[in-house]
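There are 2 protein chains.
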Amino acid sequence: MPLLVMKFGGTSVADLDRIKNAAAKVQREVERGYDVIVIVSAMSGKTNELVGWVEQTSPLFDAREYDAVVSSGENVTAGLMALTLQEMGVPARSWQGWQVPINTTAAHSAARFVDIPRANIDQKFAEGFKVAVVAGFQGLGPDGRITTLGRGGSDTTAVAFAAAFAAERCDIYTDVDGVYTTDPRITSKARKLDKIAFEEMLELASLGAKVLQTRSVELAMRYKVRLRVLSSFEDTDENSGTLICDEEEIMESKVVNGVASSRDEAKITLVTVEDRPGISAAIFAPLAEAGVNVDMIVQNISEKDYEDHPGSVTDMTFSVPINQVERAKRAMEEAKASGHIAYDELVVDTEVAKVSVVGIGMRSHTGVAAKMFKALADENVNIKVISTSEIKISVLIDRKYMELAVQALHDAFGLEAA
Amino acid sequence: MPLLVMKFGGTSVADLDRIKNAAAKVQREVERGYDVIVIVSAMSGKTNELVGWVEQTSPLFDAREYDAVVSSGENVTAGLMALTLQEMGVPARSWQGWQVPINTTAAHSAARFVDIPRANIDQKFAEGFKVAVVAGFQGLGPDGRITTLGRGGSDTTAVAFAAAFAAERCDIYTDVDGVYTTDPRITSKARKLDKIAFEEMLELASLGAKVLQTRSVELAMRYKVRLRVLSSFEDTDENSGTLICDEEEIMESKVVNGVASSRDEAKITLVTVEDRPGISAAIFAPLAEAGVNVDMIVQNISEKDYEDHPGSVTDMTFSVPINQVERAKRAMEEAKASGHIAYDELVVDTEVAKVSVVGIGMRSHTGVAAKMFKALADENVNIKVISTSEIKISVLIDRKYMELAVQALHDAFGLEAA
Numbered sequence: 001m002p003l004l005v006m007k008f009g010g011t012s013v014a015d016l017d018r019i020k021n022a023a024a025k026v027q028r029e030v031e032r033g034y035d036v037i038v039i040v041s042a043m044s045g046k047t048n049e050l051v052g053w054v055e056q057t058s059p060l061f062d063a064r065e066y067d068a069v070v071s072s073g074e075n076v077t078a079g080l081m082a083l084t085l086q087e088m089g090v091p092a093r094s095w096q097g098w099q100v101p102i103n104t105t106a107a108h109s110a111a112r113f114v115d116i117p118r119a120n121i122d123q124k125f126a127e128g129f130k131v132a133v134v135a136g137f138q139g140l141g142p143d144g145r146i147t148t149l150g151r152g153g154s155d156t157t158a159v160a161f162a163a164a165f166a167a168e169r170c171d172i173y174t175d176v177d178g179v180y181t182t183d184p185r186i187t188s189k190a191r192k193l194d195k196i197a198f199e200e201m202l203e204l205a206s207l208g209a210k211v212l213q214t215r216s217v218e219l220a221m222r223y224k225v226r227l228r229v230l231s232s233f234e235d236t237d238e239n240s241g242t243l244i245c246d247e248e249e250i251m252e253s254k255v256v257n258g259v260a261s262s263r264d265e266a267k268i269t270l271v272t273v274e275d276r277p278g279i280s281a282a283i284f285a286p287l288a289e290a291g292v293n294v295d296m297i298v299q300n301i302s303e304k305d306y307e308d309h310p311g312s313v314t315d316m317t318f319s320v321p322i323n324q325v326e327r328a329k330r331a332m333e334e335a336k337a338s339g340h341i342a343y344d345e346l347v348v349d350t351e352v353a354k355v356s357v358v359g360i361g362m363r364s365h366t367g368v369a370a371k372m373f374k375a376l377a378d379e380n381v382n383i384k385v386i387s388t389s390e391i392k393i394s395v396l397i398d399r400k401y402m403e404l405a406v407q408a409l410h411d412a413f414g415l416e417a418a
Numbered sequence: 001m002p003l004l005v006m007k008f009g010g011t012s013v014a015d016l017d018r019i020k021n022a023a024a025k026v027q028r029e030v031e032r033g034y035d036v037i038v039i040v041s042a043m044s045g046k047t048n049e050l051v052g053w054v055e056q057t058s059p060l061f062d063a064r065e066y067d068a069v070v071s072s073g074e075n076v077t078a079g080l081m082a083l084t085l086q087e088m089g090v091p092a093r094s095w096q097g098w099q100v101p102i103n104t105t106a107a108h109s110a111a112r113f114v115d116i117p118r119a120n121i122d123q124k125f126a127e128g129f130k131v132a133v134v135a136g137f138q139g140l141g142p143d144g145r146i147t148t149l150g151r152g153g154s155d156t157t158a159v160a161f162a163a164a165f166a167a168e169r170c171d172i173y174t175d176v177d178g179v180y181t182t183d184p185r186i187t188s189k190a191r192k193l194d195k196i197a198f199e200e201m202l203e204l205a206s207l208g209a210k211v212l213q214t215r216s217v218e219l220a221m222r223y224k225v226r227l228r229v230l231s232s233f234e235d236t237d238e239n240s241g242t243l244i245c246d247e248e249e250i251m252e253s254k255v256v257n258g259v260a261s262s263r264d265e266a267k268i269t270l271v272t273v274e275d276r277p278g279i280s281a282a283i284f285a286p287l288a289e290a291g292v293n294v295d296m297i298v299q300n301i302s303e304k305d306y307e308d309h310p311g312s313v314t315d316m317t318f319s320v321p322i323n324q325v326e327r328a329k330r331a332m333e334e335a336k337a338s339g340h341i342a343y344d345e346l347v348v349d350t351e352v353a354k355v356s357v358v359g360i361g362m363r364s365h366t367g368v369a370a371k372m373f374k375a376l377a378d379e380n381v382n383i384k385v386i387s388t389s390e391i392k393i394s395v396l397i398d399r400k401y402m403e404l405a406v407q408a409l410h411d412a413f414g415l416e417a418a
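Here the protein sequences line up with chains A and B, keeping their order.
The first sequence begins at 1 in full-length UniProt numbering and counts up one residue at a time.
The second sequence begins at 1 in full-length UniProt numbering and counts up one residue at a time.
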């Protein structure tokens, strides 16, 4: 029997009517001949309520108790979804993480999958059940206690089940109808993509397109799980949404397939840093220890030649998430105070944004960077920092130009046309 | 290490402040040198919300899914209580039913305990944990799925743990400060009892004193678990509340210790029933099959001698819960239609109440019934039906006299004085 995994997020199961609506989508796939594993999130708002109670009770909470409390939201949805399907005449039952069991590492609140044995669920399918409704986001640790996977973990649960059960596809139902060439709120020219390669989705996910968690796309790529993002709130068929798949499945691809943008960036520059071997390590080790996620890094050999810096000096610029600026400053100031690094000044620019173009076609095409820089120059957008990967070029610019830059790049790479 | 079981009901853990208040009571017992097993209910209102969702989703719900959904409320409280205790510096962890495991029968939504192995929790006490916080009302069925014990099951969970762990006592914290000689809303002369025997409590519990579930008292009596009812909302010490214990622990007891009353009764009379061997079985078997809980039964040999009933005839009167009257009527009418029984008329009286006096002293004292009937006669209260047990006398009277009867009996048996 072919098998599908279908995952419904919090807004898709926010109340009993929406659960019914989601169940109807499951029923349709059963009628098409699939066995279905449904992964559900907590009803929207529930997880926040539970997390709030835990944090109010104990600011530095025991993560094992956090997991025990917070996982209950998904259990409620799983039971209600199973009951809804039964009402529709679809043989279904719910599964909590420990019942499957979904074996994870011991890292409470940030657990990772170890394995998902198929035997228990396969036996129920053999007995005539058509649907297994599994509580997402949770698992069973080696200590016999409930673990959770961290926020967005339900997407990852869905992909892990699709891999374990060799599902034909993993459908992620959410409140958007697919993956777009760029944020439709920035330009109405944004176009929904029918297909996108795992690598591209990974760049877009980590660049701030909030459709899917990076981790779930990574897992899908590793196990070649065909992933589809589509809307819970629209009539959908087998061609709806966006398929995220191996690039071999995508016949012809544009050089650039998406433009991503993020406001949550800040630029930090250490002015007049001694330029010596090991200086990068001396700067970035304390930042890593402080838990700062450094993204882009640029080192400029300074032309300055101050009397009090007779040796070679440089400016070091890097970007961090805007909510980590204070942590980064403190780490740098402590490193300076303890004599590990020396710099004249630390300059923070929080008025920046990151804009990126992404496309697997870049691997075989040259001139993408030049085209990008020209498009920005034509709009008089100044580039502050550049970083590149095999399939992505990112630039840091003044935040006020972000929308302008996205529109210009969307036009320049012809993304409006399919 | 001596061990206590402490149980907190829904209103006692209704919000984070109340959980903190309950945790302080647990901490005090730990400081006195006890290991403590805490049994918690769901935060008040939560179980009703979950039950409502299940019933709206599926009126004839799958009890296994009901249990999976509804049990989540207790899991949340257990985790929050453990976190609160940890914040107070008390080493504590939460336990869900399947983790202990609390093994029950397969009867979902109405499961009964099979056994509660001590090994897992004992090991944690040995490792230095002082408190095990256990989610009440739930267990693990032989099918590997979550079971629940039915409403009020958390009291029963508490008693079962007290029995399994040979606890010194099982303290039930609730929103009343003990067991009273009668309902304090009926007479201000009602007095809190310091001690009461299991058998008496059992009669009072089943007679409508809503302090404790009958089932939990039965279990306590069977395993000789000393049970104490006391208030969550007052400062309490080792003498607070009411101790429910073996009668041997009660030095001197009055003949009557309590007056119970219930409005939820109805009286049904079958007029002119053929009086033959087997007629009682013919009447009460269909009622039992229809799930009607018949309480009191009276059969009067009728003096009537109608021409069309040449044989011996009788009137049969019985009481049922008021919400089962329709079911009882239907069962009787069907039995009549199918020829199993014959009667002229079925008369329902829903304007009745049951008033009972209870006391283990009745076993060795005579004249209690006479004293009761005289007290009622003095107030011109007519008795419709009488039933007695070894330690209880119950009468059915007009509902409008219920409060008057309770007050008269409370006075007659001198219950105001300790």
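I should point out that these hints are in silico values taken from the structure, not numbers from a laboratory.
In this text, all values refer to a predicted model and were calculated from it rather than measured experimentally.
Mixed in with the good hints there might be a few duds.
[What the hints assert, rightly or not] If you want a taste of the chain B side facing chain A, the calculated C-beta under 10 Å gives, among others:
| hint | residue |
| --- | --- |
| 1 | ASP62 |
| 2 | LEU83 |
| 3 | THR84 |
| 4 | VAL90 |
| 5 | ARG93 |
| 6 | PHE125 |
| 7 | ARG145 |
[As the list claims (entries may be wrong)] Here are some chain B residues the structure puts well away from chain A; computed CB gaps all over 12 Å:
| hint | residue |
| --- | --- |
| 8 | MET43 |
| 9 | SER44 |
| 10 | ASN75 |
| 11 | ASP115 |
| 12 | SER253 |
| 13 | ARG276 |
| 14 | ASP349 |
| 15 | GLU351 |
Using N, Cα and C, we set each Cβ at its ideal position, and we do this for glycine too.
Hint by hint, here is what the structure shows:
1. Checking ASP62 (chain B) against chain A by beta carbon gives a least distance of about 6 Å; that is within 10 Å, so the hint holds.
2. Taken as an interface hint, LEU83 (chain B) checks out: its beta carbon lies about 4 Å from the nearest beta carbon of chain A, inside 10 Å.
3. Interface hint status for THR84 (chain B): upheld, as the beta-carbon distance to the closest one in chain A is roughly 5 Å, under 10 Å.
4. Checking VAL90 (chain B) against chain A: minimum C-beta separation of about 12 Å lies over 10 Å; hint violated.
5. Hint status for ARG93 (chain B): holds, given a least beta-carbon distance of 7 Å to chain A, under 10 Å.
6. A hinted interface residue such as PHE125 (chain B) counts as satisfied when its beta carbon comes closer than 10 Å to some beta carbon of chain A; here the least separation is about 16 Å, so the hint is violated.
7. The interface hint given for ARG145 (chain B) is met, as the beta carbon of that residue sits about 7 Å from the closest beta carbon of chain A, less than 10 Å.
8. Non-interface call for MET43 (chain B) relative to chain A: violated, since the shortest CB-CB distance, roughly 9 Å, does not exceed 12 Å.
9. The beta carbon of SER44 (chain B) is kept farther than 12 Å from every beta carbon of chain A, the shortest such distance being approximately 15 Å.
10. Not every CB of chain A is more than 12 Å from the CB of ASN75 (chain B) (nearest about 5 Å), against its label as outside the interface.
11. The claim that ASP115 (chain B) is not at the interface with chain A holds, since no C-beta of that chain comes within 12 Å of its own (minimum 18 Å).
12. Against the 12 Å criterion, SER253 (chain B) stays outside the reach of chain A, whose nearest CB is about 45 Å from its own CB.
13. Under the 12 Å C-beta cut-off, the non-interface status given to ARG276 (chain B) relative to chain A holds; the minimum distance is some 48 Å.
14. Distance check for ASP349 (chain B) against chain A: the nearest CB is about 40 Å away, which clears 12 Å, and the non-interface claim stands.
15. For GLU351 (chain B), the non-interface assignment is confirmed: its Cβ lies about 40 Å from the closest Cβ of chain A, beyond the 12 Å cut-off.
In the structure shown, a violation is registered for the earlier hints numbered 4, 6, 8 and 10, in ascending order.
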